[in-house]
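K.L.:
These are the residues of each chain, in order.
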Amino acid sequence: MDSLTVEKRTTMDKTFDLAKSSVRELNQFLHQDLATSGVKHIDVLNPNGSHSIAVGVNHPVAIDIRGQGGYYVGGMNKFADITVHGNVGWGVAENMMSGSVRVKGFASESAGATGHGGTLIIEGDASLRCGISMKGIDIVVGGRVGNYSAFMAQAGRLVICGDAGDALGDSLYEAVIYVRGKIKSLGADAQQEPMTAADHAAVAELLKRAGFPYDPTEFKRVASARSLYHWNADANQEY
Amino acid sequence: MCGIVGLLVKNPAMRSQLGELMVPILEEMASRGPESAGLAVFTDRLPETDRKYSLHAPAWDYDWAPFEADFIKRFGTEAQLAVKGNHAVLTCDEPADAVKAWTHQHYPGLHVLSAGRRIDIYKDTGHPADIAKRYDFPKLTGTHVVGHTRMATESAVTPDRAHPFTAGEDFCLVHNGTISNPFMIRRKLEHRGIRFETDNDTEAATRFLEWRTREGDSLEQALQKGFEELDGFYTFLIGTENKLALVRDAFACKPAIVAETDDYVAISSEFRGLAHLPGVNNAKLFEPMPEELYVWTV
Chain A
1 MDSLTVEKRT
11 TMDKTFDLAK
21 SSVRELNQFL
31 HQDLATSGVK
41 HIDVLNPNGS
51 HSIAVGVNHP
61 VAIDIRGQGG
71 YYVGGMNKFA
81 DITVHGNVGW
91 GVAENMMSGS
101 VRVKGFASES
111 AGATGHGGTL
121 IIEGDASLRC
131 GISMKGIDIV
141 VGGRVGNYSA
151 FMAQAGRLVI
161 CGDAGDALGD
171 SLYEAVIYVR
181 GKIKSLGADA
191 QQEPMTAADH
201 AAVAELLKRA
211 GFPYDPTEFK
221 RVASARSLYH
231 WNADANQEY
Chain B
1 MCGIVGLLVK
11 NPAMRSQLGE
21 LMVPILEEMA
31 SRGPESAGLA
41 VFTDRLPETD
51 RKYSLHAPAW
61 DYDWAPFEAD
71 FIKRFGTEAQ
81 LAVKGNHAVL
91 TCDEPADAVK
101 AWTHQHYPGL
111 HVLSAGRRID
121 IYKDTGHPAD
131 IAKRYDFPKL
141 TGTHVVGHTR
151 MATESAVTPD
161 RAHPFTAGED
171 FCLVHNGTIS
181 NPFMIRRKLE
191 HRGIRFETDN
201 DTEAATRFLE
211 WRTREGDSLE
221 QALQKGFEEL
231 DGFYTFLIGT
241 ENKLALVRDA
251 FACKPAIVAE
261 TDDYVAISSE
271 FRGLAHLPGV
281 NNAKLFEPMP
291 EELYVWTV
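Protein chains in written order, with the numbering used here: chain A, 1 to 239; chain B, 1 to 298.
Okay, chain A solo, but in the shape it has when bound:
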């Protein structure tokens, strides 16, 4: 390592060891000091399942979380590129606006819930309610997703490289789901549709972003049948 590299490390990199400092100190740095600090990369050590790590980051920075995250990792993220070198708890990247979150392990429930933008990549499985009420976020899951995924999803794309659980896309709005594996069941008003050239291109681009080696032609498209968009008095509340 030459002297220039050493200099670069000391000014542009920063480490937070959560065995020695609190999540609040980390988040206060990210919210208050990051923009003027010149820091471009942060390592977070010993996360040990703590909640709310690196939430609401409003300035470009790369963050590596080296271990298991708790709830809401990268929630409300705007500009950070966050990588979790482990699993995460509920609500990873919930309400993300832009930027990216990558989880090397598995994600618990409600991954990417209500996300408006940015990219969430989960290399392992995602649990129940993945992408619930998503509003523009792109989510790419390397493994399977649990039941009720993309429930009431409004906009954005959910790419599932493995299987999907029960009630996929229940009460779906305009978000689109692409599934490579088996779908246990579709939710109310979700339907399988033919893949178009635009769908293949979209899946290819998202897989490339995620770094997954699959062929876009292996995927099925699931979207809203739009039959719940208008009240139907004859349905007797049965859908």
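Certain hints may be false.
Calculated pairs, DSS-like style, for lysine-lysine (alpha carbon to alpha carbon, straight line, at most 27 Å) [to be verified]:
{"#": "1", "chain 1": "B", "residue 1": "LYS284", "chain 2": "A", "residue 2": "LYS184"}
{"#": "2", "chain 1": "A", "residue 1": "LYS104", "chain 2": "B", "residue 2": "LYS254"}
{"#": "3", "chain 1": "B", "residue 1": "LYS84", "chain 2": "B", "residue 2": "LYS73"}
{"#": "4", "chain 1": "B", "residue 1": "LYS225", "chain 2": "A", "residue 2": "LYS184"}
{"#": "5", "chain 1": "A", "residue 1": "LYS104", "chain 2": "A", "residue 2": "LYS78"}
{"#": "6", "chain 1": "B", "residue 1": "LYS73", "chain 2": "B", "residue 2": "LYS133"}
{"#": "7", "chain 1": "B", "residue 1": "LYS133", "chain 2": "A", "residue 2": "LYS20"}
Hints were generated in silico from the structure; no laboratory data involved. A quick note: this is a predicted structure, and the numbers were derived from the prediction, not measured.
Since chain A is already given, all that's left is putting chain B on it; use the hints.
P.N.:
Using the frame of chain A, we list chain B on its own:
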């Protein structure tokens, strides 16, 4: 919200560390249930004819001597009483029905928390960390432990409504969630002569599942019937004489995570409860799926 805590040590050499390894899970889960806490610990098995009973008294400085003397006088038997403040473990060769009925009649202030050949129960109101200190939880030894931190939803915050709940012998359950049809279950069981001790929803689930096992179901079959009959949200952790079982309802909105190694199976509501365990980052980590059975045998 509540916290689920479980640990089963597979490696016999670690049985002496059961309490020490479990307490940090309980303490970390205190933020999910700061009002009361409790646990069941499964210790060495008593001989076939012996039973032990965990008793709870209304005061920490309760005078246990009259109870002990009267018990020996009534049953004319060898009985040992190991006292820890407001808790005591009574060991004797009398059957559960007789001990419970006599205690209820003559010492109505005492509550028989459990009966069996392996189970000891401690539960109380207060912060889980204080309760762990109060009853020397770090010193507990045994094969498996089922613990809980409670944030009450369905009934009052009292020691008898803290978890675990027990029924029959060597059978206990802790619960995160709410059961919506506890009174329907209760009416069904009371017709069969099963007596309830609280108005708590978890007690109904405990007595239902234990009743099924007495009717001839295996624990696994009983849990399958539970999926059909118990309406509501739940993560249940169940301890029996030689098993630890974990299930979640179909909606699985109450969390749980499992870490399994060659040495132990550890269960917590959240990973942060498990972070201190030796070798946890190389453990098999997984979330139990809805309506799947996860059963480990000692």
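K.L.:
Each hint: holds or not?
P.N.:
Comparing the hints with the structure gives:
{"no.": "1", "hint": "B:LYS284 <-> A:LYS184", "in the structure": "25 Å, holds"}
{"no.": "2", "hint": "A:LYS104 <-> B:LYS254", "in the structure": "24 Å, holds"}
{"no.": "3", "hint": "B:LYS84 <-> B:LYS73", "in the structure": "23 Å, holds"}
{"no.": "4", "hint": "B:LYS225 <-> A:LYS184", "in the structure": "23 Å, holds"}
{"no.": "5", "hint": "A:LYS104 <-> A:LYS78", "in the structure": "20 Å, holds"}
{"no.": "6", "hint": "B:LYS73 <-> B:LYS133", "in the structure": "34 Å, violated"}
{"no.": "7", "hint": "B:LYS133 <-> A:LYS20", "in the structure": "25 Å, holds"}
Comparing the model with each earlier hint shows a violation of hint 6 alone; every other hint is respected.
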